[in-house]
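Novice: Chains F and H are the protein sequences, given in the same order.
Note that our numbering has the first sequence beginning at -1, numbered continuously upward.
Note that our numbering has the second sequence beginning at 134, numbered continuously upward.
It is worth saying that the hints were derived from the structure and are not from the lab.
Glycine included, each C-beta is placed from N, C-alpha and C at the ideal position.
Do not rely on the hints blindly, as some may be mistaken.
[Unchecked claim] Pair ranges (Cβ atoms, derived):
| id | chain 1 | residue 1 | chain 2 | residue 2 | range |
| --- | --- | --- | --- | --- | --- |
| 1 | H | Phe241 | F | Leu174 | 18 to 26 Å |
| 2 | F | Arg292 | H | His263 | 21 to 29 Å |
| 3 | F | Phe155 | H | Glu289 | 32 to 40 Å |
| 4 | F | Ser10 | H | Pro379 | 55 to 63 Å |
| 5 | H | Leu201 | F | Leu166 | 30 to 38 Å |
| 6 | H | His263 | F | Ala170 | 33 to 41 Å |
| 7 | F | Asn46 | H | Ser219 | 37 to 45 Å |
| 8 | H | Phe241 | F | Leu98 | 24 to 32 Å |
| 9 | H | Thr150 | F | Leu166 | 29 to 37 Å |
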Amino acid sequence: MLPEQVRDSERSWWMPLACVLLAIAFLFGAMVGPAGPDWWRVPAELLNRLPFIDISSGATELQSTVLWQIRMPRVVLAGIVGAMLSIAGASYQGVFRNPLVDPYLLGVAAGAGLGATVIIVAGRASSSSWPIDPLPIAAFAGGLVAVMITYSVGAAFGAAKSSATLVLAGVAVTSLATAIQTFMLQKNTDVVRQVYSWILGRLSSATWHDVRLVLPYVIVSTGVLLWHRRLLDVLRVGDDEAQSLGARVDRIRLTVVIAATLGTAAVVSVSGLIGFVGIVVPHLVRLLAGSSYRRILPLTVLLGAAFLIVADIPGRILSDPAETPIGVVTAFLGAPFFIIVLRSRQGASR
Amino acid sequence: MTSLAFVDVSVKYGSSTAVQGFTDTVRPGEWLCLIGPNGAGKSSLLRSAAGLVKHEGGILVDGSPLHLRSSRRRAALVAHVPQSPSMPDDMTAAEYVLLGRNPYVGYFGSETKHDRMMVARVIERLDLEHFANRRLGTLSGGERQRLVIARALAQEAPIMLLDEPTSALDIGHQQQALELVDSLRREHGFTVVSAMHDLTLAGLYSDRLALLHQGHCVATGPAEQVLKAETLSEFYGVSVSVHQEPDGTVVVVPRRTVPLA
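Based on the sequences and whatever the hints tell you, model everything.
Specialist: Structure follows, in C-alpha cells:
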C-alpha cells in the first residue's frame, strides 16, 4: 500500500466546489434587493472596485451607494455570521461527540438575549447620544457570562467526566436566562416588539461598522478552530482512547469551547439570534463530504457563509418593503431540512 | 526492548479500592497476562499504566517514572487496546490506523509523509489492504480487532497493554489475534501486558500469569504454577479440572457441578 493512499483523496473536489458556491451566493446576494442598480450591472460594478480594473457599470451614483453601503455590508456580514455559526456548531459537535449540539446549547443565545433585553428595557433611546451603541456589547457580555456560568456549574459537578453534565448545565442556565428575560418583558410590555425584532435576528441594518466590529473575533476564533481539526478527529474515538493516544482531551475541549463561544457571542451581538445554522450546515457537509473534521471544518466555513447569504435573500423579497427576519427564514428552511437529515442519518447508520 | 515495573500501585475509585499494592516487573520482551474474576482489578491496572486513571505508587518504564512524561511521550511508550474500543461507524479503516500516529504529531501539526508511510506499512503487515478504505461500520468483529491492533502498532510503542483483546471473537479469530500479537512481539521485541478471561489461552500465549483477586495479586508465575484446580476454585469459585498436554500446555476444563440427570 502506498503512503499516499492512507490519506483518502476521495471527495477532495468538494473544496473548490464550495468556493464556487460561495462566489455564486455572494454575487447573487449582491444582485437581489430593492433600490439598487439593475442586477446585470452588479458584476461590472463589483469588478470596477478591484484595483487596476476600470469598467463603467452604468449605474447611477445613488444605485452605487445602495450597493456599497447597504447591500454589500449586509452580504458580507451574512457570510461572516453564517461561517462563524457553522464552524462553531461543527466544533461543538466534535468536542462533545454529539451531533445535535451547538454553542446555543450552552446558553450563548439566551445570555445574549437577556443582555440585549436589559439594555432595551433600561432605555436604549437614552443611549443614542453615546459614542457607541451599548446593545451589541451587552449581548456579547450576556452570552459570555451565560457560558461561563454553565462551564463553572458543569465543572463543579463533574463535567470533566462526562460532557452530558455540561450540556445539562447549559439547559439550566438557558432556562434561567429565558425566565429572567420573560419576567423583564412582562414588566415592560412596551418594549416587547423591539426585543423580539432583535431576537429574531436582523441583517437588514448591517453596516461596515458591524463588519469591522466582529471580524477580529471571527478571524481569531475560526483560526483556532481550524487548527484543531485534526485533534477533533482524534477525539472521535472518545475521551479515554484519545487520551491514551496522547491527546490532552480536557485542554482541547476547553480551548475549542472558548474559541467557538467567543466567536458566536460576537456574531450574535450584531446579528441577533439566527437558529439552525450551526446544526444544519455541518450536517449537510457531513452528508456530502464524509465525517472527517479535517474536511468538515473548512467546508462549513465556506458553505455556512454561502448558506446564510442565500437565506438572507428571501427576507428582502417576501414581504417587501417590510423585511422578514432572517431567524424566521433559517428556521423555515432549517426545521424541515433537519428532519430530512435525521431521516437520512438513520438510514445511513446501519 | 523495554521493561515495565509496577511499584506498590493502588487504584481507588472514590472509597472503593480496585487495585491494592500491586508490585511486579515485566521484563523486556515478556508477555505478562493478568487473570482473575470480574472486578479483580485487571482493567484498572492496565488503565493506570496507560495514564487513564489516577493511581498511587510508581509505574516505571525502563526505570524512569511514567507520570513525569508528557502525555504524547507516554503514548509513544505505552499503547493501550481497550476492552471495547469505540470505532466511529463512518471513519475509514486507514483513518483509524492513522490515529495511532497522534503521539508524533504536534498540537497544531499534521501527519508527515513518514507517518503515512508507517501506517501503510502496518496495514500491509497485517494484511488489511483490501478494507483499508472501507468504513468501520461495515467491518466484522475480527477485522475490527485487527484494526485496533494495527492502530496500537502504528503507535510504535514498545509496551502494549491489551484489555480482553479476544473477548468479542470466535475461537478461530481469538487464535488469529493472539498469534498476531505474539508474532509482532517476537518481531519488534514488544513488552506485552494483557488481561484475559480464557485461562487456557492466557497460559498458552503468555510467559507468565498474575492472578488478581479483589485488587490483590494472589499468585504469579508460569501457567503450570498458577493454573491449579484448587487455586482457581478458591479465587474464581469454580470447579475445574486442569490437565497438562505432552507439550506442556496447561488446559483448564470446566466441570459440571450439577450431575447429569
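Novice: Take a look at whether the Cβ-Cβ distance between H:Leu201 and F:Leu166 falls inside 30 to 38 Å.
Specialist: holds (36 Å)
Novice: For H:His263 and F:Ala170, compare the CB-CB distance with the range 33 to 41 Å and indicate the outcome.
Specialist: violated (50 Å)
Novice: A range of 18 to 26 Å was offered for this pair. Does it hold for the Cβ distance of H:Phe241 and F:Leu174?
Specialist: At 37 Å between Cβs, range violated.
Novice: If you check the beta carbons of F:Asn46 and H:Ser219, does the distance land in 37 to 45 Å?
Specialist: With a Cβ separation near 55 Å, F:Asn46 and H:Ser219 fall outside 37 to 45 Å, so the hint is violated.
Novice: Assuming the hint says 24 to 32 Å, is it satisfied by the Cβ distance from H:Phe241 to F:Leu98 or not?
Specialist: At roughly 29 Å between Cβ atoms, F:Leu98 and H:Phe241 fall inside 24 to 32 Å, so the hint holds.
Novice: Take the C-beta atom of F:Arg292 and the C-beta atom of H:His263, compute their distance, and say whether it sits inside 21 to 29 Å.
Specialist: holds (24 Å)
Novice: Take a look at whether the Cβ-Cβ distance between F:Ser10 and H:Pro379 falls inside 55 to 63 Å.
Specialist: About 59 Å separates the Cβ atoms of F:Ser10 and H:Pro379, which means 55 to 63 Å holds.
Novice: Okay, H:Thr150 versus F:Leu166 on CB: inside 29 to 37 Å?
Specialist: holds (30 Å)
Novice: Is the gap between the beta carbons of F:Phe155 and H:Glu289 within 32 to 40 Å?
Specialist: holds (39 Å)
Of the numbered hints given earlier, the model fails hints 1, 6, 7; all others are met.
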